[in-house]
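Colleague: These are the residues of each chain, in order.
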Amino acid sequence: MVWEYLSYIFWGVPWTLGLVGGGLALGFIIGLPIAIGQVYGSKGLKAALDMYVWFFRSTALLVLLFLFFWGVFPAFGFKLDALICSIVVLGLRTGAYQSQIFRGAIESVGEGQLIAACALGMSKLRGIYHIVLPQALRISLPGWSNEYAIILKDSAICFALGVQEILTRTRYVVMATHEPLLPYFIAGALFIVLTYGVTKIINIVYEKAKIPGLVGRM
Amino acid sequence: MSNEDVVLKVENVHKSYGNNKVLTGVSFEVRRAEIKIICGPSGSGKSTLLRCLNLLTQPDKGHVWLEGEEVTDPTTDISKVRQKIGFVFQEFNLFNHLNALRNVSIGLEVVKGMKKDEARKIALRELGKVGLEEHAHKYPAELSGGQKQRVAIARALAMNPVIMFYDEPTSALDPQLIGEVLDVMKKLAKEKLTSLVVTHEMGFAQSVGDEMMFMIDGKILERGTPLQVIQNPKHKITKLFFEHIAKLYMRQVR
Amino acid sequence: MSFWEAFLPKIFEGWVLTVEILVPSIPLGVILAIVLALARIYGNKPISLLAAGIVSLIRGLPLIVTLFIIFFALPKLAIYFSPYWSAVLGFILCTGAYQSEYVRGAIQSIDVGQSLAAQALGMSKLKEVVHIILPQALRRSLPGIANEIIYLILYSSLASYVGNQEIFAWARHFNSLYFRPIEIFLTAGLIYISMATVATTGFKIIENKLRIPGLEVAR
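Protein chains in written order, with the numbering used here: chain A, 1 to 218; chain B, 1001 to 1254; chain C, 2001 to 2219.
Hint data in this document are derived by calculation from the structure and do not stem from the laboratory. Since the model is a prediction, treat every value here as computed from it, not as a measurement. No residue lacks a Cβ here, since even glycine has one placed at the ideal position from N, Cα and C. One should not assume that every hint holds.
Below, in silico cross-link-like pairs of lysine-lysine (DSSO-like), each with a Cα-Cα straight-line distance of 27 Å or less [said to hold, decoys possible]:
| # | chain 1 | residue 1 | chain 2 | residue 2 |
| --- | --- | --- | --- | --- |
| 1 | C | LYS2127 | B | LYS1115 |
| 2 | C | LYS2209 | B | LYS1080 |
| 3 | B | LYS1116 | B | LYS1084 |
| 4 | A | LYS200 | C | LYS2045 |
| 5 | B | LYS1219 | B | LYS1084 |
| 6 | B | LYS1138 | B | LYS1112 |
| 7 | C | LYS2127 | B | LYS1138 |
| 8 | C | LYS2045 | B | LYS1116 |
Derived coverage of chain A by chain C (criterion: at least 3 residues anywhere in the stretch with Cβ under 8 Å from a Cβ of chain C; other residues may be distant) [claimed, not checked]:
| # | stretch |
| --- | --- |
| 9 | 60-71 |
| 10 | 121-129 |
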């Protein structure tokens, strides 16, 4: 009887990946500019960015989820959608963490690179875009794959908002069948495969994209 | 020469790493109060030899006896044997999380089970012997290379060993710091502390060494008094080696 | 009774329970981390593989799933843990597994010469690890361990989903009664932030007390 429900759990995978992908993408869009701002920006800008990073790294995820879902979103008049809200919260948080990964990578690229670019006549922005970032992004890959693993696990917490991802569905099956062993085993197996499988893929990408001699911070 | 005088007996020691034959049959004896020097080009197996003698590295073949007890016997308690050997490393290997005093006393406290106060008293005394009592509370990172090596010697001495092994003790030091370490070693040699010294320092070898062994390609090629081996070697290779060393030495002095 | 008069005492009760859950979890987590790291480095093949397997398994599972397995699935195998002990056990396993990676890395970063010197003095492997390796490795892994403990504090809210009436459980309860989400969840959030801040400061103090010149993070 439980077997019929198993496909129901498997259909949570696209939702989970949606949460993770959406969160990571949003985090990238937020994190990279923050990193650039923290390395090259003015004192005031750095202070503001530091506050953002500090806030989103010091708050409990569950609290943030509920705060946004029940409080912030309605206050701004947005629709109450568990998936969107979760992606936004995950994105804001991972943006803070990713910014530190990128920042470390940018800083390890070394001043000389940007100075050489400007000496060639590039504007600072162009120099960052064409010279610093391609190196920094490659260096960031290992830390980034770590971030993926973390968000994957955070996505499970979004069951608290009712997003139709793996854990929500697993709990539903357990409640319906009173059989917790198999569903949780499946859920656990799914998370383990998603963690290590994708991390392996990211490692392969990292190896392929590696530039010989480009020493990165691991 | 009775057998009781033999502190260390080494017989036919071999060691290979894969296809690389580092030691190809080394045999010798060290008598009590003897200062024995080992020298030779790098890669000749000198460091590996010392480490095989107290089983820091496991030899493939051969036997070693310390004061009659067979070190290479698997039933022997190697910890007890090692306590009788004072080992001084090229890279000092002081314990980074302990100050100088504790570096010297920890062997007494942890291995010999001495009470803390007694151990630290002895440690302070040993540091005094190497001229470093005032630095007892400094950490290794706060000491110069020469000071570190002297602490390392004090650490080895504190255990009251029957023989000292020195593995190129001055090779990692800046030239101006070598003297302070050699002075300590000379003092200990004059006090008749049995020693086996791997070194390039020919001045030291000639002034306190009793016998010198020249090693190449994993075996001892020549032996004799330092004067004999350095000035009147039997083999061409030995001659070339010492000429090379002399040139380097002259360059440094100039 | 106004909202705040009702809410604050209960939130305080919840905070006390959170602390009660964290107090055993943190030190036992560190101990587990050390055991796992030592098993992987010094253990024989089967022990080393077992430890590696445990670490990989726990690191691959979300903490909430680990908690649910302990609280909801294990009873089917006749293994029963109370809400409190489910949370504590889950936290110990999770933080222990993550911390063990830091400890393991730190042990491996210790120069081999330290081992050689210890052995040359006649120390047994056990004495070498206890007196020479661990004191250095634990200092080196302190930043990583501190990081994981801060994470644990922030994720302790998950304990509310296995039956613990801690901070977050009360927050949800009051939100469903009074529906004042911004005040309620900001308060809860503030409590977690202050716990994290206290912990961060605490670790900075510990790091300074344990600092030894020359024994900074290895590069």
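Colleague: Could you run down the list of hints and mark each one as holding or not?
Modeller: Against the structure, the hints:
At most 27 Å may separate the alpha-carbon atoms for a hinted pair to count; C/LYS2127 and B/LYS1115 meet this at roughly 16 Å. For the hint pairing C/LYS2209 with B/LYS1080, the CA-to-CA distance comes to about 36 Å; that exceeds 27 Å, so the pair is violated. A hinted pair counts as satisfied when its Cα atoms are at most 27 Å apart, and B/LYS1116 with B/LYS1084 qualifies at roughly 21 Å. Between A/LYS200 and C/LYS2045, the direct Cα distance comes to roughly 24 Å. Compliance with the 27 Å bound is thereby established for this hinted pair.
Between the alpha carbons of B/LYS1219 and B/LYS1084 the distance comes to roughly 26 Å, so the proposed pair stays at or under 27 Å and holds. With a C-alpha separation of about 24 Å, the suggested pair B/LYS1138 and B/LYS1112 falls inside the 27 Å cut-off, and the hint holds. Of the supplied pair hints, the one linking C/LYS2127 and B/LYS1138 holds, its CA atoms being roughly 24 Å apart against a limit of 27 Å. Distance hint between C/LYS2045 and B/LYS1116 is unfulfilled; the C-alpha atoms sit about 38 Å from each other, more than 27 Å.
Here's how the stretch 60-71 of chain A fares: 9 of its residues keep a CB closer than 8 Å to some CB of chain C, so the rule of at least three is met and the hint holds. Residues of the stretch 121-129 of chain A lying with their CB closer than 8 Å to a CB of chain C number 0, which falls below the three-residue condition for coverage.
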